[in-house]
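Enquirer: Sequences and hints are given; from them, build the entire structure.
Quick note on our numbering: the sequence shown kicks off at 1 and runs consecutively.
Derived from the structure by calculation, the hints contain no laboratory data. Values in this document were obtained by computation on a predicted structure and should not be read as measured data. Quick reminder that beta carbons are idealized off the backbone N, C-alpha and C, glycines included. One thing to keep in mind: the hints can contain errors.
To be verified - Label-pair distances were calculated between CB atoms; the ranges are: (1) 216 / 301: 38 to 44 Å; (2) 323 / 217: 43 to 49 Å; (3) 225 / 247: 25 to 31 Å; (4) 309 / 238: 35 to 41 Å; (5) 110 / 234: 22 to 28 Å; (6) 295 / 254: 20 to 26 Å; (7) 133 / 305: 34 to 40 Å.
Claimed, not checked - The calculated BS3-like cross-link candidates involving lysine-lysine, where the alpha carbons are at most 25 Å apart (straight line), are: (8) 144 / 133; (9) 138 / 177; (10) 60 / 295; (11) 112 / 73.
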Amino acid sequence: MNRPSVKRHLLALCTAAGLGVSLGLAALPAKAETFITVLTGGTSGVYYPLGVALSNVYGKALPGAKVTAQATKASVENLNLLQAGRGEIGFTLGDSLSDAWKGNEEVGFKQKLEKLRTIAAIYPNYIQVVAAKDSGIKTLADLKGKRVSVGAPKSGTELNARAIFGAAGLAYKDFAKTEYLPFGESVDLIKNRQLDATLISAGLGVAAIKDLSASQEVTIVSIPADLVQKVGDAAYITETIPAGTYPGQNEPVPTAAVRNLLVSHSGVSDDAAYAMTKTLFENLDALAAAHVAAKQIKLDKTATQSPVPLHPGAIKYFREKGLM
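Expert: Next comes the structure, spelled out in structure tokens:
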């Protein structure tokens, strides 16, 4: 399918949203069918509701355009799709983006994805290890000999699982059973007593963990700060899951986090990328209404930090805001 220029898409976006951006382009024909695809993640995660909200923001500002939020396997798939020009903007974890830029074939990148360009760093993904309380799992070491889901194959979550478990001295072969499943399916198997634990990398308040902890007693397993340092990747930072984030979680839990980013590619025009960046930060309330994780998206210097180059259009916006 031939995808019309995103320049034309975003001209209408800027006009309808009242952004006051002069793109110097011809007006979008009234009946032109245009496409903007927002690449998200699994429907039980955080990327999907945020991606739907973002697509709604663009859709309302783009009369007659075909704006879609596409459910995917998240970070790795999104980055490969963007490299191929099969989407205009997508969600990813920072460590996956770094691997894509390097061309790490082991995790799913057959070549360096040199077309990728960052729109903005957004909220942190909290690495959340949740176990059925009756499994007896209280620490990461207790996972040995247990049945564990590590996320969809080569997803951002699964890459996080490799890093965290590796730092804890655990390999997948140490588990009695290793499943490669998305959030919702992992939780269903824990409910059915077919799994003992799962690692979920997402914003706070992820629906799958809320669902599980509302139906049975669980343990949110601590990831200590010294273990986070052992990962040896600057993308991993120490964080805390606040008390009360999930039903029955009465104490704060130390954990690791990796920042999420919104990424585009070099085939998207500077004007389009500028408008997408501006529209993102001018509609944070709409994103926060879709998921609490978006409340952590801030227009500050952290938004400009990325392991790959920022899109020139995003740079223009950040410079206007005095952040670069």
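Enquirer: Indicate, hint by hint, whether the structure satisfies it.
Expert: Hints versus structure:
no.: 1; hint: 216 / 301: 38 to 44 Å; verdict: holds, 42 Å
no.: 2; hint: 323 / 217: 43 to 49 Å; verdict: holds, 45 Å
no.: 3; hint: 225 / 247: 25 to 31 Å; verdict: holds, 26 Å
no.: 4; hint: 309 / 238: 35 to 41 Å; verdict: violated, 27 Å
no.: 5; hint: 110 / 234: 22 to 28 Å; verdict: holds, 25 Å
no.: 6; hint: 295 / 254: 20 to 26 Å; verdict: holds, 21 Å
no.: 7; hint: 133 / 305: 34 to 40 Å; verdict: holds, 38 Å
no.: 8; hint: 144 / 133; verdict: holds, 16 Å
no.: 9; hint: 138 / 177; verdict: holds, 18 Å
no.: 10; hint: 60 / 295; verdict: holds, 22 Å
no.: 11; hint: 112 / 73; verdict: holds, 20 Å
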